[in-house]
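**Student:** Those sequence lines, one after another, are chains Y and D. The first sequence begins at 1 in my numbering and counts up one residue at a time. The second sequence begins at 1 in my numbering and counts up one residue at a time.
Be careful, since some hints might not be right.
Estimated spans, in silico, between C-beta atoms of each pair [said to hold, decoys possible]:
#, chain 1, residue 1, chain 2, residue 2, range
1, Y, Asp134, D, Asn143, 37 to 43 Å
2, Y, Pro130, D, Leu191, 44 to 50 Å
3, D, Cys92, Y, Val152, 55 to 61 Å
4, D, Asp102, Y, Glu170, 26 to 32 Å
5, Y, Val128, D, Arg39, 52 to 58 Å
6, D, Arg85, Y, Glu77, 28 to 34 Å
7, D, Phe105, Y, Glu170, 24 to 30 Å
8, Y, Val166, D, Asn143, 39 to 45 Å
Hints listed in this document are in silico derivations from the structure and should not be mistaken for laboratory results. Every residue, glycine too, gets a C-beta built ideally from N, C-alpha and C.
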Amino acid sequence: MNDTIDREPYGNPRYHEHISITAFLYSPGAAMAGNVPVSAETKPQWGGCEVLHRLYSPYVIELILLDPPRFVSVVRELPPFVQDCVFQFYFLGRLPAQIGFLLGSHRNFVQRALALSEKAIIAKACGVEPEGIDEVWAEMKRLNHQRRRDGVQLKVKAPVSLGKFVVKLEDSAFPQFFPPRELNGSIVRAM
Amino acid sequence: MLIEQGEVENLGEKPWAGIELTSDTRIEEAVLHIGTWARQFLKGEPFQLLFPIQTRDLGGVTMLSPYLMARTLDLKKLKKIGSIRGVQGLECDERGRVFEIDNTFVQQVRERAEKAQQSWSEGISVGSFVRCLVGSGRMLCGNVEWRDETHARVRVELLSRDIVVTCPIRTLLNLGDVPEEKRTYFYVPGLL
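Let's have the full structure, built from the sequences with the hints guiding it.
**Tutor:** Structure follows, in structure tokens:
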């Protein structure tokens with residue numbers, strides 16, 4: 001993987017070029033057939049997702065796009081708490097605060113878990129043991145144990161108005177119809 | 001989805017205006033902003049916004065019509081809607097007059113949108129594999145444990161804990177076609 005790639009790939013043609021080349025090297029037939037979504041242009045729902053691109057690791061996205069089952073098998077080796085963070089964040093487009101609410105953890109821990117998971121996923125996917133990877137694993141295990149142990153089951157009740165067709169703007173549940181928003185107001189979209 | 005504010009009975013048969021969006025990928029963002037704008041600038045004046053959703057899933061929404069439709073007592077007031085991020089503006093003629101859409105037509109679109117919304121959750125029974133579409137369990141998948149006329153209880157089996165979501169059935173998407181081996185709480189159609 002190329003370390004010089006910008007970590008904010010949205011709108012950066014070099015990133016898309018890099019993804020395209022990687023896809024071609026990985027599987028020329030699939031890349032030429034267009035089965036592999038290789039850039040924001042070929043994956044329409046990515047358009048306008050600056051926040052998604054800012055939060056997400058381009059390397060992890062690359063692995064998800066090129067070989068989803070491998071990504072899942074690599075993530076399956078992480079501690080359960082970290083797995084839950086990664087799957088919800090990358091596949092379901094949920095924000096750290098939302099993930100933390102369900103997992104009984106502060107969003108800072110979720111963000112930390114996501115940052116650590118990137119290193120672990122890259123190391124596992126590439127089959128390498130970079131310097132400091134042991135500390136990464138140790139910290140992930142600590143995060144797995146720090147979360148509140150307030151029962152293995154969480155009960156959540158959604159407001160009744162979410163099931164209605166006619167919605168009042170004054171209804172406090174109104175924002176819950178829409179995807180979560182980042183600080184700049186952009187809506188985060190799932191992959 | 002019909003979003004309303006104020007005493008909408010006063011709108012009677014008043015015509016609607018079409019709202020053009022800048023991108024298909026920012027529909028929900030634009031609707032949320034229009035709602036915030038209406039509360040702030042129309043200040044309780046009757047307002048209706050028809051957001052005709054055909055499908056809703058992980059990738060966002062697809063609409064039944066190419067435009068959103070809105071009305072208030074004076075359509076000219078809606079012209080300022082063009083300043084909202086994600087909104088191109090109202091549908092106007094070359095002189096800048098707002099194209100008026102007949103209420104009868106919009107009510108037909110509304111009926112179709114309502115039927116579409118009901119179809120997402122059709123056939124859900126105890127044991128069904130579903131996705132929660134809105135609320136705090138948004139986009140999580142799980143199995144229905146219990147249901148009555150209007151509500152369902154969905155068990156989402158995360159790896160570190162179980163979540164039990166009680167929600168209106170209309171907020172669930174029936175994923176009955178998903179093969180058993182692919183039924184995970186993070187199910188992504190077409191990717192896994």
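**Student:** Each hint needs a verdict: does it hold in this structure or not?
**Tutor:** Hint check:
no.: 1; hint: Y:Asp134 - D:Asn143: 37 to 43 Å; result: 38 Å, holds
no.: 2; hint: Y:Pro130 - D:Leu191: 44 to 50 Å; result: 28 Å, violated
no.: 3; hint: D:Cys92 - Y:Val152: 55 to 61 Å; result: 57 Å, holds
no.: 4; hint: D:Asp102 - Y:Glu170: 26 to 32 Å; result: 28 Å, holds
no.: 5; hint: Y:Val128 - D:Arg39: 52 to 58 Å; result: 53 Å, holds
no.: 6; hint: D:Arg85 - Y:Glu77: 28 to 34 Å; result: 41 Å, violated
no.: 7; hint: D:Phe105 - Y:Glu170: 24 to 30 Å; result: 28 Å, holds
no.: 8; hint: Y:Val166 - D:Asn143: 39 to 45 Å; result: 30 Å, violated
The earlier numbered hints that this structure contradicts are 2, 6, 8.
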